[in-house]
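A.B. asks: Taking the hints into account, I'd like the entire structure generated from these sequences.
2 protein chains.
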Amino acid sequence: MKNVAVIGLGLMGGSLALELKKSTWATIYGIDKNPEHLQKAVDLGIIFEKVDIEKVKEVDTVILAAPVNVIPELALQVLDRIGDDTLVFDVGSTKTMVCDAVRNHPKRKNFVALHPIAGTEFSGPEAAIYDLFKGKVNIICEQQLSESRILEKAVKLFELLKMRNVFMDSPVQHDKHIAYVSHLSHISSFMLGKTVLEIENDEKNIFDMAGSGFASTVRLAKSNPNTWTPILLQNKEYVLKSLEEYIKNLNQFKEVLTKNSEEEVYQIMQNTNRIKGVLAGIKNN
Amino acid sequence: MKNVAVIGLGLMGGSLALELKKSTWATIYGIDKNPEHLQKAVDLGIIFEKVDIEKVKEVDTVILAAPVNVIPELALQVLDRIGDDTLVFDVGSTKTMVCDAVRNHPKRKNFVALHPIAGTEFSGPEAAIYDLFKGKVNIICEQQLSESRILEKAVKLFELLKMRNVFMDSPVQHDKHIAYVSHLSHISSFMLGKTVLEIENDEKNIFDMAGSGFASTVRLAKSNPNTWTPILLQNKEYVLKSLEEYIKNLNQFKEVLTKNSEEEVYQIMQNTNRIKGVLAGIKNN
Numbered sequence: 001m002k003n004v005a006v007i008g009l010g011l012m013g014g015s016l017a018l019e020l021k022k023s024t025w026a027t028i029y030g031i032d033k034n035p036e037h038l039q040k041a042v043d044l045g046i047i048f049e050k051v052d053i054e055k056v057k058e059v060d061t062v063i064l065a066a067p068v069n070v071i072p073e074l075a076l077q078v079l080d081r082i083g084d085d086t087l088v089f090d091v092g093s094t095k096t097m098v099c100d101a102v103r104n105h106p107k108r109k110n111f112v113a114l115h116p117i118a119g120t121e122f123s124g125p126e127a128a129i130y131d132l133f134k135g136k137v138n139i140i141c142e143q144q145l146s147e148s149r150i151l152e153k154a155v156k157l158f159e160l161l162k163m164r165n166v167f168m169d170s171p172v173q174h175d176k177h178i179a180y181v182s183h184l185s186h187i188s189s190f191m192l193g194k195t196v197l198e199i200e201n202d203e204k205n206i207f208d209m210a211g212s213g214f215a216s217t218v219r220l221a222k223s224n225p226n227t228w229t230p231i232l233l234q235n236k237e238y239v240l241k242s243l244e245e246y247i248k249n250l251n252q253f254k255e256v257l258t259k260n261s262e263e264e265v266y267q268i269m270q271n272t273n274r275i276k277g278v279l280a281g282i283k284n285n
Numbered sequence: 001m002k003n004v005a006v007i008g009l010g011l012m013g014g015s016l017a018l019e020l021k022k023s024t025w026a027t028i029y030g031i032d033k034n035p036e037h038l039q040k041a042v043d044l045g046i047i048f049e050k051v052d053i054e055k056v057k058e059v060d061t062v063i064l065a066a067p068v069n070v071i072p073e074l075a076l077q078v079l080d081r082i083g084d085d086t087l088v089f090d091v092g093s094t095k096t097m098v099c100d101a102v103r104n105h106p107k108r109k110n111f112v113a114l115h116p117i118a119g120t121e122f123s124g125p126e127a128a129i130y131d132l133f134k135g136k137v138n139i140i141c142e143q144q145l146s147e148s149r150i151l152e153k154a155v156k157l158f159e160l161l162k163m164r165n166v167f168m169d170s171p172v173q174h175d176k177h178i179a180y181v182s183h184l185s186h187i188s189s190f191m192l193g194k195t196v197l198e199i200e201n202d203e204k205n206i207f208d209m210a211g212s213g214f215a216s217t218v219r220l221a222k223s224n225p226n227t228w229t230p231i232l233l234q235n236k237e238y239v240l241k242s243l244e245e246y247i248k249n250l251n252q253f254k255e256v257l258t259k260n261s262e263e264e265v266y267q268i269m270q271n272t273n274r275i276k277g278v279l280a281g282i283k284n285n
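Sequence order for the protein chains is A and B.
Counting along the first sequence from 1, when you hit position 262 you're at 262 in UniProt numbering, and nothing is skipped either side.
Counting along the second sequence from 1, when you hit position 71 you're at 71 in UniProt numbering, and nothing is skipped either side.
Note that these hints are calculated values from the structure, not bench results.
There are no misleading hints in this set.
Note: identical chains are not told apart, hence a pair may lie in one copy or across any two.
Heads up, simulated EDC-like pairs for lysine to aspartate or glutamate below, C-alpha to C-alpha not over 16 Å straight-line:
hint : residue 1 : residue 2
1    : K176      : E198
2    : K33       : E49
3    : K236      : E262
4    : K236      : E264
5    : K2        : E58
6    : K241      : E198
7    : K2        : D60
8    : K236      : E263
9    : K176      : D208
C.D. replies: Encoded structure:
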């Protein structure tokens with residue numbers, strides 16, 4: 001890896017660039033439609049210099065880290081331009097649309113559809129940090145459509161970042177699962193924030209009483225709507241399904257609470273404590 | 001403060017005992033209806049020895065840290081027994097019922113109704129930790145019903161723990177606010193955990209994809225149902241009100257997502273980002 005182009009210099013693209021700068025000898029070029037972000041990325045030492053899309057002809061690795069509504073078209077533009085040995089991958093939180101977009105492109109074999117499951121609630125080049133990816137999972141979809149040496153290059157890159165690569169053939173399956181364990185969390189958090197902000201209009205100083213539990217549950221409500229609007233819309237089918245099940249559970253809980261059913265309130269929470277075992281395996285931020 | 005009795009040796013009572021042991025010369029006696037917890041508290045050095053309720057006659061400070069359904073009756077039993085100079089306070093997450101229970105007791109002036117807003121998702125004596133309270137808020141209700149020298153003693157005790165005391169006259173107002181900023185977070189978190197555990201039955205390995213955002217949002221679903229069932233039932237009126245508003249917001253979000261209204265999805269999240277300013281003021285766990 002000698003020359004890398006990163007398109008989209010927010011939290012994900014910026015953090016990837018920092019890691020590659022630190023761990024390899026590659027020169028990193030940046031592309032972003034926001035000129036302020038681009039300049040900031042230069043100033044912060046995240047990229048060597050700003051370039052335009054034509055630069056991808058000369059690099060050996062292209063990272064697509066733009067919002068997910070932009071990625072499919074962007075992937076095609078990049079695949080149209082790259083050489084035979086170039087690795088192109090995107091890091092978006094949805095995989096179906098980008099996989100569909102590139103499936104019949106002559107350079108499909110140069111593309112790897114992946115999703116490094118890492119992030120914070122912050123955004124923009126200033127949010128780029130080291131060790132964001134360390135110890136976490138990287139999902140790779142439709143690996144059989146990538147050429148083996150190209151796939152190998154991607155696998156090694158994420159091993160270098162100390163990620164665990166997990167192969168998950170179907171991008172549809174990816175999108176379904178991620179709706180539950182990521183996208184739904186964002187909605188539940190945003191709506192909790194909204195509910196409490198609304199009551200605050202009538203009840204001043206309510207936030208004097210907010211503690212670390214509230215802070216943890218509502219943390220994702222700080223996330224960037226520019227990132228999350230396209231994710232939720234693009235994965236609408238599964239996001240709505242998970243949201244309906246979530247609302248159904250909330251309504252059921254409301255019912256048992258309304259009828260004072262101590263035993264049922266207890267049992268529901270007790271059964272859900274099983275989440276402890278699951279969380280023990282997740283690396284904290 | 002020379003002799004302190006702590007009734008209930010879980011996360012709250014245990015952590016208070018540890019801090020008082022560290023910061024004062026008081027001897028700490030423990031009462032708990034669970035003999036294993038009591039023995040564990042001795043073994044961990046949290047209490048000097050196990051005692052029974054009659055011991056409160058001889059101590060100068062009594063801390064009620066039992067589940068909130070037990071506290072009102074317990075407070076009466078303790079007030080029946082204490083001397084004229086003894087401070088009694090409870091640390092429960094609801095204040096209306098305990099305040100109502102003790103309001104006409106001849107020793108009401110020895111009681112301070114308070115709520116140190118601190119906690120973790122863990123429980124039992126093993127969960128007791130140092131610095132749980134540091135930098136956080138302690139709410140004191142109906143302070144005018146406590147004798148001034150008794151109130152002063154409570155205020156100083158929580159200053160010693162480096163808490164900020166906030167006076168909030170009405171226990172009903174306390175319970176209303178805390179429903180939104182604490183109790184609702186627990187329900188939203190438990191139901192998120194439940195929803196994802198249910199889908200996991202059909203979709204194996206879904207938790208491979210769970211990241212730090214999910215972990216943060218679902219953290220409170222590890223909380224102890226023995227603690228939380230009585231809190232939610234006791235504060236049912238306001239908990240249900242907050243829960244209804246939360247469900248209403250989720251349904252509204254579901255609608256705008258269903259009709260693909262990019263602008264509305266964006267705006268709702270953007271407006272909720274205002275939570276950033278609120279969270280900046282909350283001390284992390």
